[in-house]
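Colleague: Required output: the full structure, derived from the provided sequences and hints.
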Amino acid sequence: MELKGKKVLLTGATGSIGKPLAQALARQGATLIVTDHSAHGLNELAVELRRTGGTVLPIPADLLIPQEVKQLADRVTSQTEGIDILINLAGMTSFNLFHQETETGIENLWRLNTLAPMQLTRLLLPHLLTQGSGLIVNIGSIYGSIGFPGFSAYSASKFALRGFSEALRRELDGTGVGVTYVAPRYVTPLIHTGAIHRMSKALKVPMDTPEQVAQKIIHAVTRNRHEYFIGFPESLIARINGIHPALVDGYVRKQLSVIRDFALGKR
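Its first residue numbered 1, the sequence shown is counted upward by one per residue in the UniProt record's numbering.
Simulated from the structure, these hints should not be mistaken for laboratory data. Among these hints, one or two may not hold up.
[Unchecked claim] Each computed BS3-like pair below joins lysine-lysine, with the alpha-carbon atoms no more than 30 Å apart:
hint, residue 1, residue 2
1, 204, 216
2, 266, 201
3, 201, 216
4, 201, 254
5, 6, 201
[As the list claims (entries may be wrong)] Here are the simulated distance ranges between beta carbons:
hint, residue 1, residue 2, range
6, 167, 224, 39 to 49 Å
7, 253, 48, 38 to 48 Å
8, 82, 171, 36 to 46 Å
9, 243, 149, 12 to 22 Å
10, 215, 48, 27 to 37 Å
From a predicted model like this one, the values you see are computed outputs, not experimental measurements. Note that the Cβ used here is the ideal one computed from N, Cα and C, for glycine as well.
Modeller: Here it is as structure tokens:
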């Protein structure tokens, strides 16, 4: 897919991956509609992109609020006459043993990671079908294919997003509208603190920078990939888990005591 001149709606645009992805899309000549919950952050991003010649429209929206998801879709269709590509990037992570999760935490996790992308897709899909072309890009996680201890709620939300992407891709076959699912592995945080980062270092988990992930997303989009798993050996383990999960059980079991210690704050 050629990105030059395409209108792209990017959610989570001011996040650690969102910003370098917006920059990469702008360099490719895309017209950007960027959204996030922070109006201030969006305006700063828009100024930066315009300074380098990018065309960008910032639309703040809190995707945890269903009404704001609908308002975002309405503003996109009314102010831009529709889009060519929707990139559902906005999301959140939760690292806890499952009994530590809260009701509100689980609901927010699912609302942002799964329900908001589904509802935004539902609202914008009629336009894409009418024009007979377009692409929906859902950014999941390697944990959407490998259920990992300490990430039960998060994994479930990303498993659901992957299943939605697969089913919708098959449903839209022949319409001119495609669906791409991209699964990053661990992404190096901007601030190297927190239990997840310390655990990942202790387990020697391979890490990618946000800029590397942004480039991989661009690659998946321009190459029309249906599914794209970022990183090795994670991509291989995800495939094995789909065929013979018992093999992955043994691999994860060796790490379980370390994961539990970090989740419980013992390290």
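Colleague: Would you mind marking each hint as holding or not holding in the structure?
Modeller: We went through each hint and held it up to the structure:
no.	hint	verdict
1	204 - 216	holds (22 Å)
2	266 - 201	holds (15 Å)
3	201 - 216	holds (23 Å)
4	201 - 254	holds (16 Å)
5	6 - 201	violated (39 Å)
6	167 - 224: 39 to 49 Å	violated (18 Å)
7	253 - 48: 38 to 48 Å	holds (46 Å)
8	82 - 171: 36 to 46 Å	violated (20 Å)
9	243 - 149: 12 to 22 Å	holds (21 Å)
10	215 - 48: 27 to 37 Å	violated (18 Å)
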